[in-house]
Amino acid sequence: MSQYMFLVYQDEVDPSEQAEREAELPVFVEFFRSLREAGLLVGVQRLRSVESATSLRVREGETEITDGPFAVTKEILAGYFILDCDDLDEALKHAARFPGARYGTVEVRPVMAPDEWVRVARQAGADVPDEAEKDLA
Amino acid sequence: MSGAQPADPVAAAVARAFRDERTIVLATLIRQAGDFQLAEDAVQDAFEAAVTAWRRDGVPANPGAWITTAARRRAIDRLRRDRSVADRAERLAELMRLDDQHEEEPSMEDESSIVDDRLRLIFTCCHPALDMSARVALTLRALGGMTTGEIARAFLVAEPTMGKRIVRAKRKIADAHIPYRVPADEELPDRLRGVLRVVYLIFNEGYAATGGDRLVREELCDEAIRLGELLSVLMPDDAEVWGLSALMLLHDARRAARVDSSGRYVALDAQDRSLWDQNRIRDGLANLERAVRLRRPGEYQLQAAITALQIEAPDAEATDWAQIAELYGALARLNPSPVVELNRAVAVGLADGPAAGLALVEPLLADSTLERYQPLHAAHAELLSRAGDTAGAAHAYERAIALSANAVERAELERRLGALR
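The listed protein sequences correspond, in order, to chains G and E.
Under this note's numbering, residue 137 is the last one in the first sequence; the count climbs by one each step, no gaps.
Under this note's numbering, residue 1421 is the last one in the second sequence; the count climbs by one each step, no gaps.
There are no misleading hints in this set.
DMTMM-like cross-link-like pairs, simulated, lysine to aspartate or glutamate; straight-line CA separation at most 25 angstroms:
#1 E:K1172 - G:D86
#2 G:K93 - E:D1190
#3 G:K74 - E:D1131
#4 E:K1172 - G:E90
Pairwise CB distance ranges, derived in the manner of DEER restraints:
#5 E:A1129 - G:R46: 19 to 29 angstroms
#6 G:A137 - E:R1083: 17 to 27 angstroms
#7 G:R36 - E:S1084: 31 to 41 angstroms
These aren't lab readings, by the way, just hints derived from the structure by calculation.
All values reported here derive from a predicted model rather than from experimental measurement.
Beta carbons: idealized from backbone N, C-alpha and C, even for Gly.
Just chain E, with the same shape it has in the complex (with noise of 0.2 angstroms):
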C-alpha cells in the first residue's frame, strides 16, 4: 500500500490510517488477542472492510478507532470460527470484554500503553531466537506496514519464498511462546543492540544494495530512517537510538549525490554537494548532537560524528581525516573489526599519506576472512594507485571487480581501473 497515490478522498483516508495508525492497531491487537497471524489477519480485514464503509458512511471523525474497533471485532469472528487455538475461550472473553468496554468511547488506550506495545512489537520482530531475515522481514512487514510483495522485491526473493519465511516466524513465535513484551532491564541494552542492528541492515541493505542493477533501493531506506525516528520516540534516553538514527539520516542525505544521471556511481569526494539534502543533514546533526548530550559514545554514534565530519567540511581536501581516523580508532576499540579497521587506513591514508594508510592495509590484507571483501581490494588500490604503484592498483582493481555484485558499483571500479592506463 505504500507506493499507491490514491485517486479518491476515502482511498486517501485509508491509505494515510494504514500509515498512522496500522502498528500501532496491530501491536495492541497482538497483546490483546495473544496471536501475531491472528491480529495481523484482523487488522488486514479491518483495512479491507474501511474502503466499503468509509466509501458508504463517510470517513469517521476518528479513523484510527475506527480501525481498532474493526480490528477487534475481526478478531472475535476469526477466533470464534478457528477451533485449532489453544486457549481459545479465554482469548475470546478478554476481547469481548474489550469490545464492551470500548463502545461507548471507542477511542485510544492510554499514551504509555500504545508506547509499551509498540516497543513489545518491536522487541518481538528483532529477537534472536529468529532467524535473520525472518527478523528483517518482520519488522518491515508489522512496523514498517511494508507488503511481503515489497518486501520481497526489495531483497530480491520471490513472494512465495519471502511469504513462507514470514509465516514460518510467525509460527515460532507462536510456538515457542517468544514472548509478547519489553526484555527486563538487565537483558535490555543486548537487546536493543539487536534491535538496532536489524534496523541498520535495513538501511545498509538500501543504501549499498548487495545485488540487482540500483546502488540504492530509497524504499528501505526511508523505511529504516522511520524506524530509528520511532525508536527515537519510544526510547529517547538511549545514546545509540539517537546515534543510529544520525547515522542513516546523515548517510542518506548524500543519497542524490551517490549516482549520477546514467546511474554511475559518485564517489564522495567527487559528489555535487548541492545534491545534498539539507533538511536531512540537520535532523541528523540535531539527533547527533541529542546522543552526543547522554554522554554514552557508542559505535553508531561514532560512525555519525565520522559523517558529520565529513558533511560539515566544505570540499574532500578540507576534511579533517586526521580527526576522522582518531574516531574510528575509538571505534575499534568498541568494536574491533577488521571493517573498522579498513576505514581507519584509508582515512589515515588521506590524513597522512598512501604509505601510511598501505602499512594499515598490508594486515587485512593477509586476513582470510576477508579474502572476499570487495572493499578491501578497492582501497588497497586506490591507496597502490596514489603512491604510484599502477601495476599494483590494477590487479587490486581486478580483484574488486570480479568480488562485486553489483553492476553500478562495478562499472565505477572499471572506469578507475580504466582510468589508470
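If we strip away everything but chain G, and leave its shape as in the complex, we get (with noise of 0.2 angstroms):
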C-alpha cells in the first residue's frame, strides 16, 4: 500500500459556471463517502480562492513576501485528497472517478512515507533518530 496525493487544479470561471459546480457537491460528497468507507481516504480538503494565496520566500536572510500564488497558471490549486492505494493503477483509477476531473486536471503524486525520509536523510549523511519518523507523519 502506497498513498497518494491527488492535487486538484481548475480553471477559475464565471459565478454562474461556478454556481453550477457548486451545485454538485452531493456528487463529491458520494465520490468521498465511497472511498472513506472502502477505508481508502486519508484526507481531503479544500482549497480558497488563489486571490487569498500569499507566498513566502527567504532569500539572503531577507523575508520575502507576495501577494498570490507561487506560479500564475490558468489552473490553480483548487484543493487535494490523499489516499491509499496499492499501485499508480488504482491511483488512476480514482481519479478518473473524481467529478473534479471533467472540468480541471488531477495531478497524481506519490506520497514519500516518513521512513524512506529519513532513510534519504540518513544516506546524506544526517544524524537523524527513529523517533523523527513521528515528526514527519
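Bring the two chains, given one by one in their own frames, into a single complex with the hints.
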C-alpha cells in the first residue's frame, strides 16, 4: 500500500459556471464517502480562492512576501485529497472517477513515507533518530 | 550488442543468449526482485560475467539457465550492498529462496509464467503514465535488447540525453509504483492499444525517418517487427496484434525498393517490384489472414489490407484504388483523422480522377492543424499536376519542400517540382 496525493487544478470560471459546480457538491460527497467507507481516504481539503494566497520565501536572510500564488497559471490548485492505493493504476482509476476531473486536471503524486524520508537523509549523512519518523508523519 | 559480428564461438554463444534469452531472464527477474533498475543491472552483470566464465569453463549446455542463475545471484549481491532499497530484507529473502530452489535444476519456470512475465514487462514499459519517448526507449531497451547508445543514435539524440530519459522512466516506475502486471480485463483493450501504438511508432520512426540523411533506419524497423511477432505469440487472440504485425511486414517488404542506389526516394508507382521481399510479403499476408479470421476489424488490420491490395496488384495502374478508397472510408469511420482522410483523397484521386481527389483535399487545406503537414501539400501538388494546374502544383510542391525535414524526401519533392517545368 502506498499513499498518493491528488492535487486538483481548475480554471477559475465566471460566477454562473462556478455556481453550477458548487451545486454538484452531492456528487463529490458521494465520491469521498465511498472512498472513506472503503478505508482508502486519508484526507481531503478544499482551498479558498487563489486570490487569498500569499507566498513567502527567505533569501539571504530577508523574508520576501508576495500577494498571490507561487506560480500564476490558468489552472490553479483548488484542493487535494490523499488516498491509500495498491499502485499507480489504482490511483489513476480513482482520479478518473473524481467528479472534478471532468473540468479540471488531477495531478497524482506518490507520497514519500516518513521512513523513506529518514532513510534518504541518513544516506546523505544526516544523524536522524528513529523517533523522527513520528514527527514527519 | 545487436550490431556486432562475434569472431569466436564464446562471443557468438553470448550474443545468441543475449538475443534469445535476455528478455525472458530480465522479465522474470524484475518480478522476483521487484525492481526494474536492479534487475536490469544484474542481467547486464550476468552477461558480462558469461564472457569470462564461458571462455574458462566452456559454454554451458543451457545458456539461458546459466544466465538466469547468474543474474539472480548478481541481484542478491547488489541488494546486499544497497541499503537504500525500501523492502530490502523481503526481496533478499525471496531471491535467496528462489536460489535454493533452483540449485538442483536451475532450468526454466513453466511456460505460462514466462509468457506472463514478458507481457508484464511490455505493459510496464508502455505504461501511459510514462512519457511517450520514454515508453519507446524503455521498450527498445528491455524488449528489443538495444543499448542506450543504439537507441540514441536511432532517434538522433545525444546518448546522455537518452540515458537520462531511461533512468528517469525507471525511477518513475519505482517511485510511483507503476505495477508489474498484465492489466485487468476491463482495461486490457485500452492498454493493448497503447502498446501497439508504441510498437508502430518505433516502426514508423524507422520506416519514414523524420530527420537525418537516411530515409529508412532498418534497425528500428527490424526491432518493431520482432516486437510485433513477440506480441502475436503472447496474445494470439487479438486481431489487431496480427493486423499490426501484418502491416509492418508488408510495409517493410518494400524497404529495398523505396530508395534507389544513390539514396533517392522512389514512389510506390515507380518501384522495382522485383526488389520487394517475397518472404516478408508471404509472412505479412499470412498474418493479415490470421487477423481477418478473428472477425474484428481494427485500424491496423484495415491498413494492412490496403497495403496488401497495393502489393498484390501486378502494377500501379492495375491496383484496385476504388476498394482502397473504400477501406480508407472504413478506417475513417473507425478512427476519424485528417491523415486518413488525406489518404482516402489520394486513393479517390487515383480511382475517379484528380478532380474527385481535389474535392476531398480542399477541406483539409482549410484545416489549420494540417497547415504544416508535409504529405498534404505533396499530395495536393500531385493532384494539381495531374489536373493540369502546373502553377498551382509548383506552389504546393514548394510548400511541401519547405516543410520536409528529411533530406532524401526533400530531394524527391524537388525532382518532382523540377519535372513540372
